[in-house]
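Number of protein chains: 2
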Amino acid sequence: MTDFGYQIFAQDGAARVGQIETAHGAIQTPAFMPVGTAATVKAMTPESVRETGADIVLANTYHLMLRPGAERVAGLGGLHKFMNWQRPILTDSGGFQVYSLSDLRKMDEAGVTFKSHIDGAQIHLSPERSIEVQNLLDADITMAFDECTPFPATEEVAATSMRLSMRWAERCRQAFVERPGYGLFGIVQGGMYADLRAESAAALQDLGFDGYAIGGLAVGEGQALTFSTLEVTVPHLPKHKPRYLMGVGRPGDIVGAVLRGVDMFDCVMPTRSGRTGQLFTPNATLNIRNARHADDPRPIDADCRCPLCRNYSRGYLHHLFRAKEILGSMLATWHNLTHYQDLMANLRQAITEGGLNDFAAGHARAGELGDIERL
Amino acid sequence: MTDFGYQIFAQDGAARVGQIETAHGAIQTPAFMPVGTAATVKAMTPESVRETGADIVLANTYHLMLRPGAERVAGLGGLHKFMNWQRPILTDSGGFQVYSLSDLRKMDEAGVTFKSHIDGAQIHLSPERSIEVQNLLDADITMAFDECTPFPATEEVAATSMRLSMRWAERCRQAFVERPGYGLFGIVQGGMYADLRAESAAALQDLGFDGYAIGGLAVGEGQALTFSTLEVTVPHLPKHKPRYLMGVGRPGDIVGAVLRGVDMFDCVMPTRSGRTGQLFTPNATLNIRNARHADDPRPIDADCRCPLCRNYSRGYLHHLFRAKEILGSMLATWHNLTHYQDLMANLRQAITEGGLNDFAAGHARAGELGDIERL
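So the protein sequences, as listed, match chains A and B. The first sequence begins at 0 in numbering that gives the first Met the number 0 and counts up by one. The second sequence begins at 0 in numbering that gives the first Met the number 0 and counts up by one.
Derived from the structure by calculation, the hints contain no laboratory data. Model, not experiment: these values are computed from the prediction. Glycine residues also receive a C-beta, built at the ideal position from the N, C-alpha and C atoms. Hints are not guaranteed to be accurate.
[Stated by the list, open to error] Computed footprint of chain A on chain B, listed as stretches where at least three residues anywhere in the stretch have a Cβ under 8 Å from a Cβ of chain A:
#: 1; segment: 37-43
#: 2; segment: 292-303
#: 3; segment: 313-320
[Claimed, not checked] Computed cross-link-like contacts, DSS-like style, restricted to lysine-lysine with a CA-CA straight-line distance of at most 30 Å:
#: 4; chain 1: A; residue 1: LYS114; chain 2: A; residue 2: LYS80
#: 5; chain 1: B; residue 1: LYS240; chain 2: B; residue 2: LYS80
#: 6; chain 1: A; residue 1: LYS323; chain 2: B; residue 2: LYS80
#: 7; chain 1: A; residue 1: LYS80; chain 2: B; residue 2: LYS323
#: 8; chain 1: B; residue 1: LYS105; chain 2: B; residue 2: LYS80
#: 9; chain 1: B; residue 1: LYS114; chain 2: A; residue 2: LYS323
#: 10; chain 1: A; residue 1: LYS323; chain 2: B; residue 2: LYS240
#: 11; chain 1: A; residue 1: LYS114; chain 2: B; residue 2: LYS323
Make the full structure from the sequences, and use the hints.
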């Protein structure tokens with residue numbers, strides 16, 4: 000194994016505060032990873048991403064292998080240099096986007112053949128090629144290539160899909176090139192079925208990974224089913240490895256998952272919402288395009304430290320979105336990522352102080368208050 | 000008159016280095032004003048605009064009166080607070096955009112009636128209303144409302160148009176509310192006709208303005224005619240007031256106009272070009288979308304201090320533009336504005352050192368070299 004490391008500093012119930020060590024630095028957990036699909040967190044400079052408090056970003060293997068191409072990124076010095084982010088990077092395996100974005104042509108034991116959504120080129124992706132691409136990108140954390148089990152799925156379909164992913168996980172484990180500070184994560188599948196989740200978690204541990212992701216959630220099953228599936232999955236994962244819930248989620252989803260022992264998250268929610276004028280506050284998610292904001296001199300969130308809340312009125316941001324100005328997307332994304340990173344910092348503090356349950360209850364209560372009244 | 004001030008520190012031929020004092024601080028001249036049409040320099044934060052070296056930005060009266068509305072901006076504390084730019088702001092009069100963007104309905108001695116290009120609303124703009132709007136916006140430098148003389152125009156058409164603008168200039172002078180640190184600029188018109196330019200310059204000086212703009216250029220007449228018109232206009236302007244050439248231009252146009260005694264410039268060139276992937280360097284203007292940049296590890300301009308040139312390869316910027324990523328527009332705009340501001344700083348230094356002719360010759364020679372060779 001590599002010297003890729005994970006330490007736990009504090010626990011509160013199932014929740015943990017810890018630190019992941021990688022070749023490009025440390026990640027405080029619980030951690031939220033902004034999504035930088037095409038080697039950029041949309042509408043943000045890497046400096047501003049760091050100012051929000053992010054330790055790590057996620058980049059998408061599928062997008063980068065199609066454009067600009069993994070070999071090209073490698074030729075330009077790897078993803079960190081390419082995108083000017085010298086801190087940790089996690090890459091997904093490409094599997095999820097093959098199913099959601101491309102025209103899938105053929106899938107079998109070997110892997111998948113699909114048509115690029117960009118230029119229609121026919122591409123083959125296998126566990127071995129996914130690992131090779133992530134190596135070319137120089138990802139600090141490489142994800143195993145898996146099949147995305149559809150939802151809903153019968154137990155038989157979920158079992159067949161999960162077992163294929165476990166065979167692919169073994170091939171990923173074989174293909175992964177060990178390097179100091181670089182880690183490979185396995186992905187637990189099994190749909191919403193407790194027995195299958197336990198079987199998948201055990202199969203992955205037999206292979207041995209540097210961290211364990213929980214895949215196949217945030218696919219439309221709803222928060223209750225997400226949480227109940229976590230409750231039958233996390234206890235089967237090793238304590239001393241980081242746990243990553245893929246593609247989650249809204250702030251309340253993250254709080255609930257941290258309570259259930261999850262350490263890492265990624266989601267396009269703060270960035271995508273920012274570009275459409277949806278702003279997160281402790282009390283509500285507000286749509287800045289709404290006419291009620293046009294004359295409002297107040298900030299989005301008076302307690303927020305981001306540049307948008309420190310320097311601009313709701314009236315100005317409303318104007319920027321109405322006028323379709325790029326600065327609107329820039330500032331709203333910056334705010335939302337700051338909101339997410341401050342939530343993670345607050346979660347880490349609450350766990351450290353043994354007050355996570357109170358924090359979670361307060362977070363939920365605040366979320367029911369609704370936006371501040373119109374002037 | 001107000002205490003709006005202009006001092007000359009150095010001269011070299013017709014060119015001058017000076018400083019304009021305003022209510023929101025000083026402007027080093029010769030100055031380039033980035034265009035912030037809708038109360039934002041597109042794809043830039045105000046902090047990054049300042050980092051490029053800009054002392055002042057231009058905002059568009061026409062756009063802001065239509066959206067969000069001048070009274071609304073005033074209600075939110077004025078344009079400086081609205082857009083978080085605490086330094087000088089110049090607003091144009093709205094006249095140029097009425098002709099170029101709106102469906103003009105009626106024009107007479109009183110002013111113009113037009114249909115908004117945003118929602119079709121019928122709007123009236125007069126010298127008095129233009130000055131009122133610019134006052135509501137809290138512009139440090141207010142521009143007189145004039146008619147944009149078409150090009151080409153017969154001498155008769157140019158004379159009639161110019162004389163209307165001079166009568167409007169008098170009404171602007173009357174309507175302008177004097178405040179310490181706030182200035183009003185008149186605009187010389189007269190097409191490409193030396194006698195009309197001289198007549199216009201004299202008429203404006205009879206009224207007395209804090210600065211004198213040269214309008215009706217950069218309308219497709221070509222650089223030679225721009226320069227020859229400057230040569231028959233600038234000598235008729237008072238020495239101890241700033242001179243502003245509106246809507247100019249490419250770097251070579253600016254150098255030539257500074258040589259002919261101009262102190263201030265504005266143009267959408269660096270910002271608009273940035274958003275379309277046109278990058279200025281001392282040797283060439285390059286199109287980063289061109290495939291030859293895809294694998295190029297070198298910066299756009301190795302001697303440039305901007306974040307794009309310090310931190311990113313041509314290959315990365317090429318990728319951002321191909322992938323239509325917002326960060327591409329952000330970084331390219333930042334570079335182009337830095338290129339322009341560094342040009343202005345170099346011009347100021349050359350004038351101060353008495354070496355402007357050599358600098359201009361060197362600038363022209365460098366511009367003929369073309370882009371660096373492909374790797």
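Numbers of unmet hints, in rising order: 8, 10
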